[in-house]
Structures are given as C-alpha cells and as structure tokens.
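Chemist: Could you put the whole structure together from the sequences, leaning on the hints where they help?
Chains as they are written, first to last, in UniProt numbering: chain E, 1 to 264; chain P, 1 to 296; chain V, 1 to 395; chain U, 1 to 334.
It is worth saying that the hints were derived from the structure and are not from the lab. Computed from a prediction, not measured in an experiment: that's the story for all the values here. Don't take every hint at face value.
Label pairs and their in silico Cβ distance ranges [said to hold, decoys possible]:
| hint | chain 1 | residue 1 | chain 2 | residue 2 | range |
| --- | --- | --- | --- | --- | --- |
| 1 | E | F14 | U | V104 | 49 to 59 Å |
| 2 | E | S57 | P | L163 | 30 to 40 Å |
| 3 | V | V376 | P | P91 | 35 to 45 Å |
| 4 | E | S177 | P | V159 | 53 to 63 Å |
| 5 | U | V32 | P | A84 | 25 to 35 Å |
| 6 | V | A306 | U | V32 | 51 to 61 Å |
| 7 | P | V76 | V | A351 | 23 to 33 Å |
| 8 | P | A60 | U | P164 | 51 to 61 Å |
| 9 | P | Y162 | V | S172 | 46 to 56 Å |
| 10 | E | S55 | P | P91 | 34 to 44 Å |
| 11 | E | A121 | U | V35 | 27 to 37 Å |
Straight-line distance between alpha carbons at most 25 Å, and here's what the computed SDA-like set of lysine to any residue pairs gives [unchecked claim]:
| hint | chain 1 | residue 1 | chain 2 | residue 2 |
| --- | --- | --- | --- | --- |
| 12 | P | K193 | P | L92 |
| 13 | P | K244 | E | P193 |
| 14 | V | K38 | U | R126 |
| 15 | P | K193 | P | G171 |
| 16 | P | K244 | P | L132 |
| 17 | P | K244 | E | A16 |
A virtual CB, placed ideally from N, CA and C, is assigned to each residue, including glycine.
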Amino acid sequence: MTAVLSCRNLSRRFGAVHAVDDVDLDVEPGARHALIGPNGAGKSTLLHLLSGVLSPSSGAVALEGRDISRLSVSRRSRLGLSQTFQHSLLFLSMTARENVALAVARRHGVRPWPRRRVHSAVADRAGQALGTVGLADRSEVPAGSLAHGERRQLDIAVTLACEPRLLLLDEPAAGMSPAEVERLGALIELIPPEVTVLFVEHDLELVFRLATTVTVLHLGAELITGTPDEVRASDAVQEAYLGTEGQHTDLFLRPEPAVDPASR
Amino acid sequence: MPSILASNLTSLLNGLSIGFLLFTLAVGLTLVFGMMDVLNLAHGAIYLAGAYIGWYVMGADPTWTVFLAALGVAAVVGLLAGGALSLLVQPLASRPHLDQALLTLGVALILAELLSMAFGDDVRSVSPPSALAGSVDVAGGSYPIYRLFLIGVGLALAVVVYLVVERTTVGALIRATVADRDMVSAVGVDNRKVRIAVFGAGVALATVAGVFGAPVYGARPGLDWTILILALVVVVVGGLGSIKGALVGALLIGQVETFGRSLFPEFASFVLFGALALVLIARPRGLFGAPTGVKV
Amino acid sequence: MNRRQLLKLMGFSGAVVAVSGCGGAFGGGSAGGEGSVKVGLLIPQSGVYSPLGEDMRRGWDLWLEQNGGTFGEYEVDTVVADEGEGPQTGVAAARRLLNEERCDVIVGIVNSAVALGIVDMVNEAQKLLLVANAGAGDITAGQVSPYIWRTSFTNAQVARAMGAHMATLDLSGGVYVVAPDYAAGEEAVDGFTAAFTDAGGTVAGQSMPPFGTTQDYQPVLSRIRNSGAEATYSFFAGSEAVTFVQQYNEFGLADEVPLYGSGFLTEGQVLSAQGQAAVDVRTALHYSTELDSEANSTFVEAYEGAYSAAPTVYAVQTYDAAAVLDQALRGADALDGDAISEELSGLDVLASPRGEWRFDGQSPHQEMYLRTVESVDGSLVNAVTDSLGEFGQSS
Amino acid sequence: MNAHATVAPTVESAGAATPRGRRDIVRVVLLVTLVLCLVGLPLVADPFATTTATRVLAFALLAVSLDLLVGVTGLPSLGHAAYFGVGAYTAGWLSIHIGIDGPVALLAATLAGASVAAATGWLAVRSGGIFFLMLTLAIGEVLHQVAHSWRSVTGGSDGMYGVPATTVGGVDLANPGFLYWYVLGAFGVGYLLIRMVVRSSFGAALRGIHDNEPRMRALGYPVFGYKLAAFVIAGAGAGLAGGLLVAQQRIVTPDDLGFTTGALVLLAVVIGGAGTLWGACIGAAVVVLVRDYFGPALDGHGPLLLGIVFVIVVYVMPRGVAGVAGIRGKERAA
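Modeler: Below, the structure is given as structure tokens:
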C-alpha cells in the first residue's frame with residue numbers, strides 16, 4: 001500500500017537552526033498518525049512544511065505519489081490536504097455557518113453572480129458539517145463570540161468540509177479543558193476512516209487514545225516511528241528523551257498559553 | 001570628459017545631501033510607525049510648519065544664533081505638537097491602521113489650511129545662516145556650502161540616533177517595541193509615556209527637518225504633500241519601522257532623485273515611483289522590513 | 001430584468017418631462033435685475049495660485065473703485081468663486097457662477113485647463129468669458145468659442161518675443177532651453193525655439209524637468225553647464241521660478257551663463273522670494289511696474305496707495321479686463337455673449353498701464369518689453385531696458 | 001454519522017418569517033421612494049443642482065467600486081482614481097476622435113479601466129495593508145505622470161478638452177436633465193453589477209480574504225487570483241465611473257487621476273462605512289457637495305472644511321469605519 005503522504009530528506013533551516021533536519025516520513029492510508037516531541041522538536045515546522053505554509057530548505061513532499069514540494073497552500077488544499085491551525089484560524093466576523101460555507105462553496109465552484117440552488121446546497125452542507133461537530137445550535141453565532149473549545153470544533157468542521165483525504169491537525173487540544181478534550185477525542189474518532197489524519201499533540205493521553213502510528217521528533221530529527229506500544233516501550237524514547245516515567249507526563253502536558261493571533 | 005565626471009560627482013554629492021535631509025525627515029516618520037503603529041500622514045504638513053517657523057524666526061540674513069534659535073523653537077513646537085497628536089491618536093489605538101492614517105490625513109489638511117491662513121500663500125524662501133551662505137568649488141563646479149552642511153547634519157543625526165537606539169535603555173525599549181509590541185506591553189512596561197515621548201520626538205524631528213530644509217526647499221503651500229510623498233517613499237523603500245531602513249532608503253532615494261533624474265531625464269517623472277515599485281517587487285516589505293509570509 | 005425595469009423607469013420619466021415640458025433642470029433663466037451686470041470673478045483663492053488670485057482681485061476692485069463701480073450704464077455686481085488649483089475645483093466653480101449665480105460675464109482664470117474645460121459650458125450658456133491670465137494658445141485660437149476673449153497673453157507670444165530678441169545677441173555657443181514638462185512649458189519652448197532658430201539662433205540643448213514635482217534642478221543645471229551654452233532661456237512660474245533662479249545662482253551658473261526667461265520668472269511676489277539671486281535675470285513681458293508712462297505711474301501710485309504693495313502683470317490684466325468690459329458695455333444692447341462679443345470686436349486701441357494694445361483676434365496684440373532685474377533702494381524691480389516690439393497671438 | 005447532524009435548521013427560520021416579511025415590505029417601499037426621488041430630481045432641481053447630482057453619481061460609482069476593494073476585500077487603495085482617469089480619458093478620446101455613441105464609450109471606458117487594473121494590479125495585490133496602500137499610491141502617481149507627459153493623447157496639464165456632448169443613438173444629451181438620467185441609468189447598472197458580485201459566492205470569498213487570508217489559502221482558495229479579480233472588477237467599475245465623469249464634465253485632466261482624487265474617494269468610502277455599498281454613495285455625496293457646492297463659496301477654505309469632516313468622521317463614526325477592521329490583524333498574521 002502506498003503512503004498517502006510521504007516526505008524524503010525534508011529539512012528546514014532558520015539561519016543556523018535546523019528546525020527540521022532530514023526527516024523521512026510515510027503516512028499510511030487511513031492512519032491516525034501522531035507527531036510528538038517536546039517544544040522545539042520541530043513538529044509544527046514539519047507540519048507547515050507538509051501543508052505548504054513553509055517551504056523546505058531541501059527535500060521533497062509527495063501526496064499520493066505526486067510531488068507537491070513546490071505547490072502553494074491553496075493548491076495542496078485543492079489536492080485534498082487540509083489543515084487546522086495551532087491557534088484556530090477562523091473568519092471571526094462571520095457566523096459559524098458562514099465559516100463552514102466558505103469551505104464548502106469552493107468545491108461547488110465560485111462565481112461572481114448569485115446561484116440560488118448552489119447557495120442552498122452549500123448552506124445545507126454547511127449545516128450538516130456543523131451538526132457533525134456538535135455546533136448545530138450555534139450556527140448563526142459569529143465565530144468571534146464562540147468559546148475557545150467551540151472554536152476548535154468549528155475549526156475542525158471547516159476543515160472537514162473541505163472533504164480532505166489527508167487532515168493535518170496542529171495541536172487540536174491546546175488550551176482545552178479536560179471535558180472539551182474528551183469531546184474532541186470523540187469528534188476525531190468520528191472522522192471517516194477513509195480520511196487519513198496526521199496530528200501534532202502534546203496531550204499524550206489523547207495521542208495514545210487515538211493514534212495508530214506515532215512518530216517522535218527530537219531536535220528536528222525523527223527519533224522513532226512505530227505503534228503506540230512500540231513508542232511507549234522504546235528505551236530510546238524513555239531514557240534519552242522522555243526521562244523517567246514519572247516526569248514524562250509533565251513534559252508533555254505542559255499547557256500552552258492559548259493566544260489567537262487573529263483575535264487581537 | 002572631465003566636465004562630465006565633474007557633473008556626475010556633483011550629482012552624487014547632491015544626492016547625498018538630499019538623502020541626508022530626507023533621512024532627518026523620514027526617521028521621525030518611521031520611528032512613530034515602528035513604535036506606535038501609526039502611519040503619520042501629517043508628517044509633511046508638520047515639516048512645512050517647521051519650514052515656516054524657520055522662515056519666520058530666521059528673517060532675511062540669519063546668524064548662527066538665530067538659526068539655532070529657529071531650530072530650538074521648531075523642536076519645542078514639534079515636541080508639543082507631537083504630544084498633542086499622540087493624545088489625538090490614543091483613542092484610536094485599538095482601531096486598524098487605516099483609521100489612524102486617515103485621522104492624520106485629516107489633521108494634515110487642517111494644519112495645511114491653518115498654515116496658509118497664518119503665513120499666506122506666497123512662496124517664502126529662506127536664507128541659510130550667513131556663515132553657510134555662498135558656494136565653494138567642488139570638482140570644477142560650484143556647490144552651495146549649506147548643502148555640504150546638510151550632509152554633516154545628517155551624518156551626525158544618524159550617529160546620534162544609532163547611539164540612542166543601540167546604547168540606551170530607552171533605545172532598548174524602542175527596539176523591543178518595534179520587534180514585538182504586545183510582548184513589551186505584556187511584560188508590563190507602561191509605555192504610554194514612552195509613546196507620547198516618542199511621538200513627540202518623531203514630530204519634532206519633522207519640524208527640525210523643516211528648519212534644516214527651509215534654505216533648500218523654502219516654504220510654500222503644497223510643499224507638505226511633496227515632502228510627505230518623498231518621506232513615505234523613503235520609509236516604504238527602507239521598510240516601515242526600520243531606522244536603518246530609513247537611512248538606506250533616504251540615501252537611495254536621494255541618489256534616485258538626482259543621479260536618476262540626470263541619467264534618465266526623459267523619465268524623470270517616473271524614477272521616484274519606478275524605484276519604489278522595483279524595490280517592492282523584489283522585497284514586498286521594503287529593504288529592511290519584517291520578512292513576509294512565514295508565520296501563520 | 002433589472003435593465004428592463006430601469007429602461008421602463010427612464011421611459012416613464014421621459015414621458016413626464018414631455019408632458020410637463022418645464023421645471024427644474026429643463027427651464028431656462030436669465031440674469032439679474034435691470035441696469036446691473038453680474039460678473040463672476042473666477043480666481044484662485046486656495047492652493048498654489050492663490051497669490052495670483054489676490055493680485056487679480058485687487059486689479060479688478062481698483063478699477064471699479066476708480067470708476068464708480070459701473071460698466072457703462074450698468075451697476076457691477078461681482079461674485080467671487082474659488083478656481084482652486086485646477087479644473088476639479090475651477091470647472092465646478094464656473095458652473096456655479098453660470099448656472100447657480102446666473103452671472104452675465106465670467107472674468108479671471110489663472111489655469112489654462114480651467115479655461116479650456118469650460119469652453120462648452122460658455123458656448124452653451126452663450127455668456128462672455130474674459131480670460132485675465134491663462135496663457136494657452138488654444139483658448140483663443142482657431143475659434144474655439146466666439147465668446148472667449150482674453151486680456152492677458154499667450155505663452156508662445158511672450159516666448160517668441162524673447163526668442164527674436166536673443167537671436168540678435170551674439171551667442172555663438174547657443175542657448176539652452178528649460179521649461180517644466182507641461183502644456184504651457186511646451187508652448188513656451190516651441191514659441192521660443194521657432195522664433196529663435198528662424199532668426200538664426202542655435203539651440204545648444206533642451207530640458208523639460210517634471211512639472212510640479214521637481215525640487216532640485218541640479219541635474220538640469222549640470223547639463224546646462226556641460227552643453228557649452230552661452231545663455232539660458234527658461235519658462236517657470238510660481239515656486240518653481242523661485243527654486244530655479246535660486247539654484248541657478250547657488251550652483252554658480254548665474255555668473256557664467258546669463259539667465260533669460262519669460263517674465264513670469266521674476267514677476268510679483270516671486271521676485272522678492274528669489275532675492276539677490278534674481279539680479280540681472282532678463283525677461284520678456286508685456287508689463288513692468290517700472291514702465292515709464294503717465295498711465296502706468298498713475299496706476300502704480302493708486303495701486304500702492306490702496307494695497308501697500310506693488311502691482312503685478314496679473315493685476316494689470318484684470319484691471320484691463322474691467323476696462324475692456326466697460327468699453328464694451330457702453331455700446332452693447334444686451335448682456336449675452338453675442339452682444340458683448342460684437343462690441344469687443346469693434347473696439348479700437350485700448351489705453352492701459354502696460355501701454356496701448358488692441359485685440360488681435362480675441363487675444364491682445366501688444367508691446368513686449370525686455371526687463372532686467374535690478375536692485376533699487378534695497379528692493380528688486382524689473383527695470384525696463386528695451387522694447388522688443390509688438391506681438392500678437394499669431395504674429 | 002452523528003446524532004447532531006439531523007437537527008433541522010428550518011424550525012427557527014420559519015418562526016422568523018413574519019417579521020422579516022414586514023421588514024422586507026418597509027425596505028421595498030423605501031427603495032421605491034429612493035428610486036423615484038433619484039429619477040424625479042431633474043424635474044424639480046435647477047440645472048446647477050442637477051449637474052452636481054450628476055457628478056455625485058459618477059463619484060459615487062467610483063466610491064462603490066473602491067468599496068469592493070476596501071470594505072469587502074480589505075485592500076485599502078489610494079490609487080483607485082487612476083482607473084477612474086483611465087476610463088475618463090478612454091471615453092473622452094473615443095468621443096473626440098471617433099465620435100462614438102455614449103454607451104459604447106462607457107463600455108470602452110469600463111474595459112480600459114479593467115485592463116489597466118489587470119496590468120498593474122498583480123503588483124499591488126501581492127501585498128496587503130499599508131504596503132498595499134503605498135503601492136497603489138505609487139501606481140496612481142505613475143499613471144498620473146503618464147497623463148501629464150503623454151501630451152499627444154491626453155493633452156497634458158491642459159487636459160483633454162472639447163469632448164462633445166454625449167450622444168445616445170445619435171441624439172445628443174446637452175440638457176443637464178437628460179444627461180442626469182443617462183448617468184443615473186449607467187450608475188444603476190454599475191451599482192447593481194457590483195452589488196451582485198458582492199452578494200455572490202465570489203463576494204463571500206472576498207470577505208473571507210478580508211477576514212482571514214491565510215485560512216482562505218488553507219481552504220484551497222487561490223487568494224492571489226481572487227484579489228486580482230476583485231481589483232480588476234473594481235478597476236472596471238472605476239473605468240465606468242470615469243466614462244460618466246467625462247460625459248458630464250467634458251474635460252479630463254491629470255488631476256482626475258491624482259492623489260487628491262484618490263484620497264477623496266477613500267474618504268468617501270470611509271465616511272459611508274466601508275463594506276456597505278450604499279454607504280459609499282452617501283460618502284461620495286458628502287465629499288462632492290463639500291468640494292463642489294460649498295467649497296468654491298468659502299473664500300478658498302474648502303480644504304479646511306474637508307479636513308474637519310475627515311477628522312469628525314474618524315472619531316464620531318467608528319461604525320462607518322468598522323468595515324475596514326481586520327486589516328491590522330491580517331497584517332500581523334500574514
């Protein structure tokens with residue numbers, strides 16, 4: 001089975017810093033693939049290299065065998081690679097429904113004149129997507145007025161509405177309360193199996209609940225890739241990286257300050 | 001031909017003196033933008049106010065004392081006006097760039113009208129201090145001494161600004177604010193006073209530039225827009241908010257305005273904006289502007 | 001669907017007009033009361049030309065004051081409107097004068113574009129426009145309008161006078177020609193070059209720096225120096241004239257290459273702003289305060305008495321506009337453009353502070369003077385050093 | 001696949017139908033009254049007022065087209081007058097030299113505005129915020145200089161004068177009332193077309209770009225192309241407005257595409273409240289009235305009045321400015 005997404009020798013330098021250093025990665029179809037590692041391990045940078053937000057210093061990215069290294073974010077998105085962002089990026093002046101509708105509308109073709117039938121189809125589909133993430137009763141609320149957890153849900157609804165084949169989630173649980181994390185886990189479990197998911201997450205509990213494959217990054221390089229059990233059992237991860245068992249939760253569960261750049 | 005060499009040398013020298021004058025003008029604009037996030041479109045009108053102060057104080061045949069007095073008056077007026085402008089802008093701090101820019105545009109219109117009421121619409125020319133009047137022979141042609149003086153002033157100002165920004169605590173705060181405004185306020189620095197002071201200093205630089213520029217450009221209605229556009233081009237070419245950019249941009253635009261115009265006389269009208277467009281095509285945020293499109 | 005609705009609406013309104021046949025925009029209207037003439041004085045009150053506007057207003061007011069405020073039998077009612085810097089304000093202001101104020105005559109206009117911009121308006125209203133400054137040849141050339149007359153000059157006329165004169169000087173190295181890159185500058189350059197080369201002169205080079213945006217003439221000055229020219233002819237006005245003359249001096253050209261020009265280079269307030277830098281600059285113009293004639297000294301004395309300032313050519317042109325209207329209205333049986341134009345075409349020689357002049361077509365045929373800037377008792381004046389002969393718009 | 005998915009969203013809207021219907025009726029009545037007033041204006045107003053209203057319409061269409069950029073897409077342009085001027089020069093030149101019919105000239109002006117916008121816009125839409133402002137200013141100034149220097153075509157600073165009165169099907173519209181109706185008709189068409197664009201899915205995408213450009217990219221929208229398309233459509237609108245200007249003014253000068261015009265139309269958009277097209281029309285009316293109606297009678301203090309209006313609007317009418325919010329946030333994020 002060929003990988004949905006693969007990258008070879010992928011590197012990204014910022015000045016002298018090797019944020020991502022010669023990473024090879026294969027994401028298998030239908031996988032729930034987690035990227036973990038402490039702060040500064042290069043997880044987000046790697047995700048951005050895959051989604052096209054950043055361009056690599058060297059190396060290549062392929063989506064279903066097609067080289068996409070030089071394609072823009074929007075081209076990659078149209079090829080079926082969608083992402084959520086660490087700080088939910090939403091259209092804050094629009095309602096939840098309008099947020100999702102924008103994602104749906106692109107696939108129906110955007111025209112500079114009104115098309116009533118398409119419009120209602122888009123609205124229906126948007127309503128459905130909101131229902132999927134449990135925001136049906138919040139559809140007319142401006143995204144800017146949603147609570148943090150709701151914004152995450154909406155973010156996922158918007159991303160799912162793109163009907164991606166590969167979904168990149170950047171720390172979906174960041175800043176969430178335990179209850180919200182629980183709901184998020186359920187939500188991710190509901191993502192159809194044909195959609196492959198690659199996600200970066202600090203919450204190890206969530207990672208081990210969801211992931212079928214885990215890759216550990218350390219100092220920009222790949223430390224190990226394997227099943228959750230393999231990673232848990234790995235001496236390299238335990239000793240060289242995670243430290244003792246007692247500390248590792250602290251390392252991974254340090255909450256990130258939730259700052260949304262678009263809301264300031 | 002030696003005379004062609006000489007005229008090119010004169011152009012180069014002249015570009016340098018115009019460039020340094022533009023620097024005194026632009027550094028205030030870029031400082032205010034970098035510190036306060038306000039694109040002050042009243043900068044040109046404030047420059048003109050400075051030029052009128054120069055004309056009014058200096059009179060027909062000014063001595064050094066009178067010249068220094070004019071600079072002093074201009075600096076004080078500039079500081080006060082800047083403080084006032086900063087208070088005017090304060091209520092709009094949470095609003096987008098455009099609102100503040102538009103407010104200053106309105107202020108510019110009003111100020112220009114007030115100046116025209118106060119000083120009339122005649123063209124006023126200002127003599128340099130008598131010690132600096134006249135010309136000297138440079139490379140076979142004569143060259144006004146005052147313009148050589150401007151090069152010195154600009155250099156001195158560049159050094160002073162560099163020392164203040166790089167070596168003092170205020171400078172450190174300025175650098176920090178330019179780099180990350182929110183971080184500085186998050187750290188708990190009460191930058192309200194600092195902001196008023198910086199706005200005052202930025203505006204005072206404009207009025208002082210007006211006095212320095214008066215013997216070259218005079219004072220007249222309409223000069224405010226010409227100057228504003230030059231200053232804007234300089235800071236945009238250099239990169240908004242960057243002091244190094246203001247220096248490099250000013251020197252570059254100085255050369256474009258003299259050397260460019262003499263090399264391509266038939267395209268003289270286009271060299272200024274042509275240069276701006278070229279720089280922005282190559283570097284959309286200016287030469288020393290923040291890098292683009294990296295963070296999401 | 002929308003378009004059809006719109007068309008329907010349009011048709012409907014058209015029908016209403018056809019039925020009502022009158023009302024608002026469609027009605028005509030005639031001017032002020034019996035025995036008075038309403039004159040719209042369209043002069044710049046804001047922007048860079050406003051000093052000229054001030055002079056023009058003074059010239060106008062002075063004539064009316066001296067002559068009891070009447071043109072012939074008519075009481076003069078003056079309405080002033082701001083021409084601004086160009087057609088955007090000027091044309092709108094003219095429309096206001098014609099349509100809203102219902103003026104019988106419009107006088108003034110500094111900017112040629114404004115005059116050219118209101119040609120159609122004047123033609124349609126059939127009102128007289130007496131241009132008291134704007135110098136574009138086209139305004140009164142080729143019968144643009146029978147209603148547009150001018151008491152000032154054409155750009156080429158003044159330049160031709162200087163061209164013919166400089167050709168008689170011994171300038172074997174040629175003359176360098178400089179003017180700003182705009183319509184008036186081009187007319188001046190063309191007029192000068194034609195007259196100068198026809199009379200055997202050589203042009204050593206030509207520069208047309210950008211109009212309105214040039215702050216520094218050093219590149220031009222370097223080229224003048226390198227061209228080997230023995231004199232420079234220039235056409236500049238307002239702030240550009242100040243900057244050019246001062247820099248010409250600062251960069252040491254004044255001593256090496258004498259500066260000549262059209263008279264606006266050193267006229268009025270511009271001259272005092274230039275200061276000593278302007279001394280010895282020679283210009284051609286149809287007026288100078290220093291003209292030695294009784295008409296002029298009376299005028300200058302009255303003007304200085306009234307405004308504590310020396311008159312300018314702009315004041316004289318507007319003063320003459322009043323005088324011309326007075327003459328015309330003495331004979332005219334109506335105040336429309338046709339009646340006044342007919343009177344104007346019948347006018348003979350007019351006495352003026354500038355000397356006698358007459359209409360050649362619809363623009364003055366007048367004597368041109370060679371003026372040299374001299375310092376008299378600490379103030380600068382344009383001393384009249386020679387007569388350059390008479391010139392009209394086309395000859 | 002989820003229980004929530006079956007929640008029907010129609011229940012709520014059904015309940016709201018009646019008040020919304022009443023509001024619609026009020027709206028229609030207001031709209032009809034407005035249209036009647038606009039159409040009936042020349043029947044009651046004098047020629048000067050009618051002509052001023054004609055100018056307001058031309059300027060309003062320019063403001064509406066700029067609003068598509070500023071208010072909808074979030075691209076504040078200072079150089080929009082350039083395309084206005086291009087349209088005006090095109091229509092003027094064709095009327096003088098070829099003598100074509102008014103509507104054809106308008107079409108040509110629209111196309112010219114769009115093509116020049118396409119040729120220059122790709123440069124500007126690469127950037128955003130203040131840099132977009134400066135680039136459009138630069139483009140505007142360059143075109144302004146072209147208008148100045150290309151005397152054989154534009155007439156330079158004297159302007160392109162002697163534009164004949166507009167003809168429609170061979171009948172000429174010298175009468176200010178008929179001309180007003182002609183301009184009103186063209187304005188209506190232009191306004192409705194731009195309104196259609198704003199309300200379409202394309203318009204929604206433009207608002208998305210205004211709100212959050214990176215996210216639009218992530219959703220797969222080719223943002224550059226969309227911004228360029230918005231720029232071109234706005235240029236077309238400005239070109240049409242320029243054609244209307246020359247129909248009324250019958251002279252075009254470089255000032256018509258200069259910085260002052262560009263700044264005034266931006267002011268008009270802001271006064272009206274960026275993002276609402278009818279607001280831009282009101283803003284345009286205020287600006288033209290101050291400049292053309294009150295200005296000339298103020299002894300040269302028109303600009304002072306304009307400056308005061310400017311300042312008051314920015315302070316007192318923040319809602320009017322609300323539409324441009326987000327420029328700042330976007331700039332940080334980009």
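Chemist: For every hint, state whether the structure bears it out.
Modeler: Right, here's what the structure says about each hint:
1. F14/E with V104/U: 49 to 59 Å: holds (57 Å)
2. S57/E with L163/P: 30 to 40 Å: holds (37 Å)
3. V376/V with P91/P: 35 to 45 Å: This hint is violated: roughly 57 Å between Cβ atoms.
4. S177/E with V159/P: 53 to 63 Å: The hinted range 53 to 63 Å holds for S177/E and V159/P, with Cβ atoms some 55 Å apart.
5. V32/U with A84/P: 25 to 35 Å: violated (49 Å)
6. A306/V with V32/U: 51 to 61 Å: Check passed, 60 Å falls within 51 to 61 Å.
7. V76/P with A351/V: 23 to 33 Å: violated (56 Å)
8. A60/P with P164/U: 51 to 61 Å: holds (54 Å)
9. Y162/P with S172/V: 46 to 56 Å: holds (54 Å)
10. S55/E with P91/P: 34 to 44 Å: holds (42 Å)
11. A121/E with V35/U: 27 to 37 Å: With a Cβ separation near 33 Å, A121/E and V35/U satisfy 27 to 37 Å, so the hint holds.
12. K193/P with L92/P: Cα-Cα ~17 Å, so holds.
13. K244/P with P193/E: violated (55 Å)
14. K38/V with R126/U: Violated: K38/V and R126/U sit about 56 Å apart, past 25 Å.
15. K193/P with G171/P: holds (14 Å)
16. K244/P with L132/P: violated (29 Å)
17. K244/P with A16/E: holds (24 Å)
Violated hints, in rising order: 3, 5, 7, 13, 14 and 16; the structure is consistent with all others.
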